[in-house]
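Enquirer: What follows is the residue order along each chain.
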Amino acid sequence: MLAIKSGKTVSALEESYLQMVWRRFKRHRLALISLIFLIFISLLSLAAPLITQYSYDQSDPEHSMEAPSKLHWLGTDRIGRDLYSRLIWGSRISLSVGLVAAAVSVIVGTLIGAAAGYFGGVVDDILMRFTEMVMSFPVIFLLLTIIAIIDRSVVNVMLVIGLTSWPGLARLVRGQFLALREMDYVEAARALGAKNSRIVFRHMLLNCMAPIIVNATLRVGGAILAESSLSFLGLGITDPPSWGTILNSGRHYMRFAPWITIAPGVMIFLTVLAFNYVGDGLRDALDPHLKR
Amino acid sequence: MSTEPILAVKKLKKYYPLKGNWFSGKKSYLKAVDGVSFDVYPGETLGVVGESGCGKSTMARTILRLQEATAGEVYYQNYNVLQLAPDGLRKIRQNMQMIFQDPYSSLNPRFTVEQIIVEPLIIHKWKTATERRQRVEELITTVGLTKRHLKRYPHEFSGGQRQRIGIARALALNPQLVVCDEPVSALDVSIQSQVLNLLKKLQIELALTYVFIAHDLSVVKHISNRIAVMYLGRIVEIAQSEQLYDSPRHPYTQALLAAIPEPNPRLRRPRTLLRGEVPSPAKPPSGCRFHPRCPYRTEVCSSTEPLPQQAAPGHTVSCHHYKQL
Numbered sequence: 001m002l003a004i005k006s007g008k009t010v011s012a013l014e015e016s017y018l019q020m021v022w023r024r025f026k027r028h029r030l031a032l033i034s035l036i037f038l039i040f041i042s043l044l045s046l047a048a049p050l051i052t053q054y055s056y057d058q059s060d061p062e063h064s065m066e067a068p069s070k071l072h073w074l075g076t077d078r079i080g081r082d083l084y085s086r087l088i089w090g091s092r093i094s095l096s097v098g099l100v101a102a103a104v105s106v107i108v109g110t111l112i113g114a115a116a117g118y119f120g121g122v123v124d125d126i127l128m129r130f131t132e133m134v135m136s137f138p139v140i141f142l143l144l145t146i147i148a149i150i151d152r153s154v155v156n157v158m159l160v161i162g163l164t165s166w167p168g169l170a171r172l173v174r175g176q177f178l179a180l181r182e183m184d185y186v187e188a189a190r191a192l193g194a195k196n197s198r199i200v201f202r203h204m205l206l207n208c209m210a211p212i213i214v215n216a217t218l219r220v221g222g223a224i225l226a227e228s229s230l231s232f233l234g235l236g237i238t239d240p241p242s243w244g245t246i247l248n249s250g251r252h253y254m255r256f257a258p259w260i261t262i263a264p265g266v267m268i269f270l271t272v273l274a275f276n277y278v279g280d281g282l283r284d285a286l287d288p289h290l291k292r
Numbered sequence: 293m294s295t296e297p298i299l300a301v302k303k304l305k306k307y308y309p310l311k312g313n314w315f316s317g318k319k320s321y322l323k324a325v326d327g328v329s330f331d332v333y334p335g336e337t338l339g340v341v342g343e344s345g346c347g348k349s350t351m352a353r354t355i356l357r358l359q360e361a362t363a364g365e366v367y368y369q370n371y372n373v374l375q376l377a378p379d380g381l382r383k384i385r386q387n388m389q390m391i392f393q394d395p396y397s398s399l400n401p402r403f404t405v406e407q408i409i410v411e412p413l414i415i416h417k418w419k420t421a422t423e424r425r426q427r428v429e430e431l432i433t434t435v436g437l438t439k440r441h442l443k444r445y446p447h448e449f450s451g452g453q454r455q456r457i458g459i460a461r462a463l464a465l466n467p468q469l470v471v472c473d474e475p476v477s478a479l480d481v482s483i484q485s486q487v488l489n490l491l492k493k494l495q496i497e498l499a500l501t502y503v504f505i506a507h508d509l510s511v512v513k514h515i516s517n518r519i520a521v522m523y524l525g526r527i528v529e530i531a532q533s534e535q536l537y538d539s540p541r542h543p544y545t546q547a548l549l550a551a552i553p554e555p556n557p558r559l560r561r562p563r564t565l566l567r568g569e570v571p572s573p574a575k576p577p578s579g580c581r582f583h584p585r586c587p588y589r590t591e592v593c594s595s596t597e598p599l600p601q602q603a604a605p606g607h608t609v610s611c612h613h614y615k616q617l
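Chains A and B, in that order, are what the protein sequence lines are. First residue of the first sequence? That's 1 in this note's numbering, and the numbers climb one at a time after it. First residue of the second sequence? That's 293 in this note's numbering, and the numbers climb one at a time after it.
Bound-form chain A, shown alone (with noise of 0.2 Å):
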């Protein structure tokens, strides 16, 4: 019983901070299951020149909206593409977009909600009434404005996506600085002499990492959402396709041709998910108030 305590412990107090993290995460059956998925589509959309034997854009009219063969896996669509190929391809578009837009709103987020949290006062004032401003635009209909203005490139479209997403997280992580810096170890940081960068960014940004990680994983998922709607709209990216522009050339076939619009939809909607789930797993994860 001794024996069996004191190396308990002691393995306990070697295990670091990740290692802790990576096994509570694993008893989350779900989220483990969504980052192997993750893990797999991203690998798929890496290896896409690989796995492919089309490519993406090239047409066979004589072979048009063919249902899942041996030759087309998937099937085609209406001018013969084999639907396969333009998923795996796609899959590259609206990851990257996912990801790209995800990182550019938790920059912007943190960033302005850590400003607000720490300067407070007439600082906090203006950066809040922006973000209150932002977020009660119609985003939906903003996004189709810029994108119908601007030029509709991969880059253009995650800038608009990110920078329209960030509010909630500058919500947070103010709440979270208002929190913090009240912390006698941030006030003791300031009596050694600690500039305001070093306390910011060394103290109490470190301290509120666990809520933005999970914040940036259910933004990953909520813009492959948002650029899938876009895409569905019309105003999405088309060369190479996303999952969403491949839902959207299907969609006046679905009574014949259900195939060309079913595959991109489970893909966005698994693929949402997922990180919906390694989200929650993550919070679980992180959160110091449960068991260890």
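None of these hints come from the bench; they were simulated from the model. Think of the CB as a built atom: it goes at the ideal place given N, C-alpha and C, for glycine as much as any other residue. Don't take every hint at face value.
Unchecked claim - Using 27 Å as the maximum straight-line C-alpha spacing, the simulated DSS-like pairs for lysine-lysine come out as follows:
id : chain 1 : residue 1 : chain 2 : residue 2
1  : B       : 513       : B       : 302
2  : B       : 319       : A       : 195
3  : B       : 493       : A       : 195
4  : A       : 195       : B       : 305
5  : B       : 443       : B       : 513
What the hints assert, rightly or not - Every beta carbon over 12 Å from chain B, so not counted as near; a handful from chain A, in silico:
id : residue
6  : 17
7  : 65
8  : 127
Please arrange chain B on chain A, whose structure you already have, making use of the hints.
Expert: Using the frame of chain A, we list chain B on its own:
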């Protein structure tokens, strides 16, 4: 003890603005510290006692400029602390450090003990990594922990050990003055004396000067040379420790002393119980701030503010009737 004070506080005030009346535009203030003056001499310990909410902690934070003062002056040696520009302040802070009350919130939970103690050295650009490492190892043994503890995180330690880590961090830059803000009141009684003894030992070895804040006279008695008693943002009595314990002149000090539990029942003194609550510092009573709770009050107490008067050499008291008490 030399005669030049290391720290001189003059008429220090810290007011917090309260939400004023929006219509009349009248602003009211919470007067947390309201005109506090005292000197601290090199090598001594000045104890500061008072009930919760009397402004002790605010005073400490204002002296170190963790909060900006509303009025008054603070001199550290010849430097006017409250007027220093950020760079000058950063330099002065090497000499003036603070030990915090709550050892659970004063250490960054994401830092290892080593990162916590080395931080002041990095901020003040101590030369090389090896020198810093050496200093950290020296510090951790000075406060009674071992090198093995350096790789661990604060949550793996007990309250007393955490307070030792906080002490090591405060001492890293060889400060001369250390403000201890109730350093033991969050600890178990059995641990309190260990930490107090450590602080005493360090004071002798490193020639430190302490401003030691507590709400408990029995803790302060052990460590202080002089004691200041605070009530509602003012110092009501300040004297050498023995003097204060043997012949307290202010009725508030007498009540505080009477409240110390006496283990020997034969020695129990008749108690002067204080009635009522501490009034709100947003609306301090007129005249002497203590008069609503004072058993000896007369008319003059509610109308005129008592000035600090010398009751004996080094013994100052702010009470109209101190001669009779």
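Enquirer: Next, verify each hint and record whether it holds.
Expert: To see whether the hints hold, each was checked on the structure:
1. B:513 to B:302: holds, 25 Å
2. B:319 to A:195: This hinted pair is violated, its Cα atoms lying about 33 Å apart.
3. B:493 to A:195: Between residue 493 of chain B and residue 195 of chain A the Cα gap is close to 32 Å, so the pair fails against 27 Å, i.e. violated.
4. A:195 to B:305: Status holds; Cα separation ~26 Å.
5. B:443 to B:513: Violated. Residue 443 of chain B to residue 513 of chain B sits at ~37 Å, over the 27 Å cutoff.
6. 17: The claim is violated: residue 17 of chain A sits with its nearest Cβ about 8 Å from chain B, within 12 Å.
7. 65: Consistent with the label, residue 65 of chain A stays out of reach of chain B, its closest Cβ about 57 Å off (over 12 Å).
8. 127: holds, 22 Å
In this structure, the earlier hints numbered 2, 3, 5 and 6 are contradicted, and the remaining ones agree with it.
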